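Chains A and B, in that order, are what the protein sequence lines are.
Straight run, no breaks: the first sequence in the numbering used here ends on number 1102.
Straight run, no breaks: the second sequence in the numbering used here ends on number 114.
Careful, some of the hints might be misleading.
Stated by the list, open to error - Derived contacts from chain A toward chain B, CB cut-off under 8 Å, selection only:
1. F1031
2. L1032
3. S1037
4. S1069
5. G1086
6. P1090
7. L1091
8. G1094
9. N1095
10. G1096
Everything labelled a hint here was simulated from the structure, so no lab data went into it.
Values in this document were obtained by computation on a predicted structure and should not be read as measured data.
We put the beta carbon where it would ideally sit given N, CA and C, even for glycine.
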Amino acid sequence: DTAVSQTPKYLVTQMGNDKSIKCEQNLGHDTMYWYKQDSKKFLKIMFSYNNKELIINETVPNRFSPKSPDKAHLNLHINSLELGDSAVYFCASSQQGVNSPLHFGNGTRLTVT
Amino acid sequence: QKEVEQDPGPLSVPEGAIVSLNCTYSNSAFQYFMWYRQYSRKGPELLMYTYSSGNKEDGRFTAQVDKSSKYISLFIRDSQPSDSATYLCAMSAKGNNRLAFGKGNQVVVIP
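If we strip away everything but chain A, and leave its shape as in the complex, we get (with noise of 0.2 Å):
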């Protein structure tokens, strides 16, 4: 039973194309998010969405597009994917806001030729 999960696990894809990530999580919980970790590791905060509602909107460029139909799904849309993309894209989710514990999904590897 996988508590967040993220499709699809790997992505490659050319320069210029739309891509979509998808995430879901079963635990019941109110917050989520979507990071991207570099070729350093260093994981940073793309959005956050609370019971639906957009809460962090860092800056990041409007080709990204967050969709959150409902408190169980956020999904990620990319339009136009430059090389500078690739990275690894983890979903996250807390059971409220960022001082409780993040469960994060296994990531998706995007890789834009």
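Model the placement of chain B on the given structure of chain A, informed by the hints.
The following block gives chain B in isolation, referenced to the frame of chain A:
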């Protein structure tokens, strides 16, 4: 000054040794302190969670928080090869939506 500083390592130790990891931070409002462990090609998983100052022990793992020095530590006793991973510290302030992560410290336990 970065909000959270963590030496990225790598740190190599022989099996059975004590591993000592630490992070320093600048924001005195931080009250919630976490350590995450991340194996290669996996997501970070919560290892230790501490509120405010003090020590917390869980099996071979001990987390310490010294708010006066703005310094947190993680100790791993009797280290095993299975402890080889990247360890990330993270912290947040009450009512704040942002979790500040360290850069992660890669640990290698040599059999």
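So, going through the hints one by one against the coordinates:
1. Of the supplied interface hints, the one on F1031(A) holds, with its beta-carbon coming within about 5 Å of a beta-carbon of chain B, less than 8 Å.
2. Hint status for L1032(A) relative to chain B: holds, with the closest Cβ pair at about 5 Å, below 8 Å.
3. A least Cβ separation of about 6 Å between S1037(A) and chain B falls short of the 8 Å threshold, and the interface hint therefore holds.
4. Evaluation of the S1069(A) hint against chain B yields a violated restraint, the C-beta minimum of about 27 Å exceeding 8 Å.
5. The interface hint given for G1086(A) holds, since its Cβ lies 6 Å from the closest Cβ of chain B, which is under the 8 Å cut-off.
6. Interface hint at P1090(A): satisfied, since its Cβ lies 5 Å from the closest Cβ of chain B, which is below the 8 Å cut-off.
7. Because the smallest distance between the Cβ of L1091(A) and any Cβ of chain B comes to about 7 Å, under 8 Å, the interface hint for this residue holds.
8. Given the 8 Å rule on beta carbons, the hint for G1094(A) holds: about 5 Å separates it from the nearest Cβ of chain B.
9. The criterion of a C-beta within 8 Å of any C-beta in chain B is met by N1095(A), whose closest approach is roughly 5 Å, and the hint holds.
10. A least Cβ separation of about 6 Å between G1096(A) and chain B falls short of the 8 Å threshold, and the interface hint therefore holds.
Hint check: a violation occurs at hint 4 only; the rest are consistent with the structure.
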